[in-house]
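Each protein sequence line maps, in turn, to chains A and B. Mapping to the numbering used here: the first sequence position 116 is 116, numbers consecutive. Mapping to the numbering used here: the second sequence position 7 is 7, numbers consecutive.
Worth double-checking, as some hints may not be accurate.
Said to hold, decoys possible - Facing chain B, from chain A, some residues (calculated, C-beta under 7 Å):
id	residue
1	E193
2	G194
3	F272
4	V317
5	E318
Since the hints were derived computationally from the structure, they do not count as laboratory data. Think of the CB as a built atom: it goes at the ideal place given N, C-alpha and C, for glycine as much as any other residue.
Read off the chains here:
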Amino acid sequence: MESLILRGGHLLDPSQGIDEQVDVVIENGKVTDITPPGRKARGREVNVEGMFVAPGLVDIHVHLREPGYEYKETIETGANAAVAGGFTSIVAMPNTDPPPDTAAAVLGFAARARNAACRVYTVGTITQGRQGQELSEMADLVAAGVVGFSDDGAPVSNSRVLLNAMEYTRPLEKAILSHCEVPELSEGGQMHEGRVSSELGIAGMPPIAESLGISRDIALAGYSGARLHICHVSAAGSVDVIRSAKMAGNARITAETAPHYLALTDEAVRTFDSNAKMNPPLRTRQDQEALKKALQDGTIDVIATDHAPHSHEEKQVEFDAAPFGIIGLETSLGVCWTELVKTGVLTPMQLIGKMSTNPAQVCGLPAGTLKPGVAADVVVIDPDMRWVVAEPFRSRSQNSPFIGCELQGRAILTIVGGTVRYAAGTLVR
Amino acid sequence: MTKWTRKHLLGLADLTREEISQILDSADQFVSVLDRPMRSVPTLRGWTVVNLFFEDSTRTRISFELAEKRLGADIVNFSVSTSSVKKGETLRDTARNIEAMRVDAVVIRHRSVGAPHFLSRHIQGSVINAGDGSHEHPTQGLLDLLTIRRHFGHIDGLRVAIVGDIRHSRVARSDVWGFTTMGAEVVLCGPPTLLPKHTDNFPAKVTTRLEEALEGADVVYALRIQRERQAAGLFPSIREYSAQYGISSERMERAKPTAVLLHPGPINRGWELTDEVTDGPRSLILQQVTHGVAIRMAVLYLTAGRDPAQLDLAPKP
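Model the full structure from these sequences, guided by the hints.
As structure tokens, then:
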């Protein structure tokens, strides 16, 4: 395998505390050296001066739809979208048909993911068939390679079942990734319950449906000692619950939010565009401010996309008939750079922590670092590039609320295991 | 007067005072037409309208049909029981088919909020909202305005109390926008579970106390109460609802002596209104129905791009 030297870029590596201009040397698929700029080395040189170089981005909340819904997305198309967005590792959520609730299903998934453009992992289900009743064979699933457990959008509503799952998985050292929601409170809801829903007459999903679900899961995690990762936090009240639980220190918790909650509010629903519809829903300016503060003070550790592809036919319907979810892999970095870095909410280094190092740790992935010796999963980011989001996406689906938006900041080079998988506009395989 | 420029009528929230006045003025002319023996003014001859009703509605559909017939338009009725919607056709495909049939206007009633707006993005013709979910029912709001303006001679400065299931009511939403845009003051009243959760965006007062809402009201608007809301646990019983929020002659005494009563129909007699007050001298409920036809004629006429100044009201065979 050829060697590659990334010359003169500004390295952002939270795992080593490096935030300066260096050369990164890649040989045989691994990072072999990080040197002061200009030192002699053999291999293909790429001048990345003026760019940021970082460990490849890691998205631990992606819906790849395979098996069962290949018309929305496949492992292949999802991975192609991922590398175009700067991601080198992604974790699939389990709402497929059949779901990854057996070792055989997980091994089948892994076999299909082997030739994908980036590293593709999957979580296993907490319960068989995501029915919330009988536990999946969780030890067997870990042996087959799952990196966490989740029933995703079908949160385990029976607290006894979830407590059993948490106690059972504790020695397995995998996190429970929880979509926290009290379904009775959000049932029938189509958007955030607030001024806009009241005005439009659309049934609302109250923010307490989320924060109350989070409170329960945190209590169960504290009692069981399990590791809990709270998915897609969208509401200010949820942030308060997580912050005080983290300060009390009696549960092992991490939390994530998604780029769209930072960039959009429920005002986007006024046009009845179904690409403004996801669960949890877009909330208010106050919730946005709380999320940004939570990213700053470490209450929220991770930014994940909740990439949820749906076909044009499914989304181009009446608002209440449309499925929840939007795609996000190809816009995540641009949205976060625009909304968080440009505005001074996070430093570039902090953003890489939220989008690479921290998520890798939550799922125990060999990623999120460029320490010499590790696999060379690298992203090069142009912080100044302005671009307008436009179809077609590499994802098989096009359900993005950001179409037509101008963003600043973009991945221009994505390297997976030393191989260039995406370079400025074209997909290199 | 500025020229009417809107192709669609999707809601009252974004109409200006001038636009609403223009519709009411045109409707006044059509009321006079409806009062004479020869009630047709075939000014929309050759104009094709589809009545697209995805939700049961007898009176709104009949009112639109009558308005269309009085204007001489060609009419196609498309309702959910006879349509291909039951076979799973999407609204987008329905819209494309309508488009292919070269239709000039679509009147749509749909249970989904925003369905008329969706349709307006997919067809060339005019779209008239005949009620979308709990969002808006603009022609109802306009016929209410017309009824009140014809009764009092003005709308400015009146106090309007809307009582009942505000939360799920498209009539209440259209009326809030319509009445406040025309200068009236609106009070919304109902049990807490039937009020919108957040009312900051409404230019209206909100109260759970009926006496407070009725105090000094010029217009008392009772909304229809639906049994399914009780089944969903939003209030304990129809009996308790009537006791707390039903409008009776005694309660009307709280309002001004000149106050009038409106209801969008159909009425649950004995639930939201007593028989006595429904059929009493203050009730304008049947006038609302008459004015509904005139309002719909005006809306069809204006959205068809016809100039009200050119309106020829001479009776034609």
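Here is how each hint holds up against the structure:
1. E193: Cβ of E193/A sits 6 Å from chain B, so the hint holds.
2. G194: 5 Å, holds
3. F272: OK, holds: F272/A within 7 Å of chain B, min 3 Å.
4. V317: 6 Å, holds
5. E318: 4 Å, holds
Violated hints: none; the structure is consistent with every hint.
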